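Trainee: As a plain string of letters, each chain reads:
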Amino acid sequence: MIAKLGALTINLLQGISSIVWMARETISEIGERISQHRAPFRLKDFFYQCARVGPGSVPMIILLSVFVGLTLALLTGYQLKIFGLVTLVPPIVSVAFTREMGPLFTGIVLASRIGAAYTAELGAMIAGGEVDAIEAMGVGALRYLVTPRVLAIFCLTPCLTVISVVAGILGAAFISSLMLQISYGYFYDQVMTYLLVKDMMAGIVKSFLFGAIIGITACYKGLSVRGGAVGVGTATTSSVVTAITTVIICDSLCNIFIVIFFP
Amino acid sequence: MNPPAGNLVEMRGVHFSFGNKVILDGVDISIREQDVLVIMGLSGGGKSTLLSILLGLLKPSSGEVLFKQEDLTKLSRPKLNDARTHMGMVYQNAALISSMTVRENIGFPLEELSDKNDQEIALIVEQKLEEVGLKDTADKLPSELSGGMQKRVGLARALVLEPELVLFDEPTAGLDPISTETIDDLIIKLRKKQEVTSIIVTHEMESAFAVATRMAFLYEGKIILEAAPEQFRNSDIPIVRKFLSSFSGHETGKGLTHANP
Chain A
1 MIAKLGALTI
11 NLLQGISSIV
21 WMARETISEI
31 GERISQHRAP
41 FRLKDFFYQC
51 ARVGPGSVPM
61 IILLSVFVGL
71 TLALLTGYQL
81 KIFGLVTLVP
91 PIVSVAFTRE
101 MGPLFTGIVL
111 ASRIGAAYTA
121 ELGAMIAGGE
131 VDAIEAMGVG
141 ALRYLVTPRV
151 LAIFCLTPCL
161 TVISVVAGIL
171 GAAFISSLML
181 QISYGYFYDQ
191 VMTYLLVKDM
201 MAGIVKSFLF
211 GAIIGITACY
221 KGLSVRGGAV
231 GVGTATTSSV
241 VTAITTVIIC
251 DSLCNIFIVI
261 FFP
Chain B
264 MNPPAGNLVE
274 MRGVHFSFGN
284 KVILDGVDIS
294 IREQDVLVIM
304 GLSGGGKSTL
314 LSILLGLLKP
324 SSGEVLFKQE
334 DLTKLSRPKL
344 NDARTHMGMV
354 YQNAALISSM
364 TVRENIGFPL
374 EELSDKNDQE
384 IALIVEQKLE
394 EVGLKDTADK
404 LPSELSGGMQ
414 KRVGLARALV
424 LEPELVLFDE
434 PTAGLDPIST
444 ETIDDLIIKL
454 RKKQEVTSII
464 VTHEMESAFA
474 VATRMAFLYE
484 GKIILEAAPE
494 QFRNSDIPIV
504 RKFLSSFSGH
514 ETGKGLTHAN
524 P
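Protein chains in written order, with my numbering: chain A, 1 to 263; chain B, 264 to 524.
None of these hints come from the bench; they were simulated from the model.
One or more hints might be untrue.
[Claimed, not checked] Think about it this way: if two alpha-carbon atoms lie no more than 20 angstroms apart in a straight line, the pair counts; the simulated DMTMM-like pairs of lysine to aspartate or glutamate are: (1) B:452 - B:389; (2) A:44 - B:334; (3) B:342 - A:32; (4) A:44 - B:381; (5) B:322 - A:25.
All values derive from a computational prediction rather than experimental measurement.
In isolation and in its complexed conformation, chain A is listed as follows:
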């Protein structure tokens, strides 16, 4: 038991140090590239990755958020009805979605959709010797492969979070009007009154962090693939599980931090 715990801890620390090493090497390759007066990455690669992360994820995020918002409003209303406080549904749902659900569900969707894709394609490139070939040319494989991917997901996670929040609140408004007798106008007024800039900022800041976590984890897992096709499969599963777990843990830590320092 103790030996297992020790091995797990060593694995965890090795993983963290490797991720830190990868991030440091990538940043240093970017710095070297800039010092040679060259672009650190191709803009077309960045926009291509943005198109994959952004527009490609919108339908799934809207669908998921609408249904989660709907369920959240329904269950909250169901409980609050007992106390005659059903009018609290709009502020509760909107604040919960802005601070918590929006960033979290966006993170989960991106980890499973984009993180898995990043890991699989980088893993396949490792297995096919493509990454070594890029490195052997003197191009700097980390800079070339990791930068546009991580930057795209880092920049677009907050945008997708906003979409998720809006979709979730709309879903909640719809079900509130249908089943809780709360009009759209009243719902809107309540959201505007109780939703603070602080709540929005908390959600947006967290989503930047989640984007970075998912991107870096996915690229690291992809570039660490060993063992061909089976290795790619294992790394992809591990990437999704690790990213989602890390995002949830990080979310809790952020919430504690925000509640303590920005009450």
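Keeping the supplied structure of chain A fixed, place chain B upon it in accordance with the hints.
Mentor: Same frame as chain A, now just chain B:
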């Protein structure tokens, strides 16, 4: 400590291990400019590792790897990357970037590492494609090409930056005789016309004798023989003799009688 003039590459006392397994146990070898050095040896003997060390992809546990009189093992990353632009590598599996077309693959090093504009790059790519006889495949993906064609694209990509040293890892393995001959001719042409130095790892005996100006045998982590092809063929080292005689036609001299380039 500098190598004698004319040596483009020199390895001195290179050791390398994977865990407890010793792969290279003190490799000493030098390659003169415009040499075509063929390295032979048993499978899993460390020949490809040797190429990876030369490219700076693997770091030896000890020893020096001199390229143009600079020790690659001690270079900073920017300098190592700069040294790599003077080398080209042709991989056994071609290692083309699967998401890029042939044109993009060949133009990739130029786009990333040169100051050439799109038109100049397109022109060079066309030229290289013509050299390897694949002008009609520019817009195809690597997966749409045969193994031999992929290797030729890999060669075109390796040559696009006009390297002084080209490394080949099993360039003709698994190819039909005509594709093999095409690749062999390209290697010979590279040396004669563009004065490129080549290091080739191969098991294809016929190809090896067709293109080599020097031949080396790697055994148990050491270069046990380095000689001109004729001397190599007549070596009395038992493992080399056994290796050579394992290939059909050797005893009669059939297949090993190409004139050296």
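Trainee: Does each hint fit the structure? Answer for all of them.
Mentor: Structure-based check of all given hints:
1. B:452 - B:389: holds (18 angstroms)
2. A:44 - B:334: violated (36 angstroms)
3. B:342 - A:32: Satisfied, since the Cα-Cα distance of roughly 11 angstroms is no more than 20 angstroms.
4. A:44 - B:381: It holds: about 14 angstroms lies between the C-alpha atoms, which stays within 20 angstroms.
5. B:322 - A:25: Judged against 20 angstroms, a Cα distance of about 17 angstroms means the pair holds.
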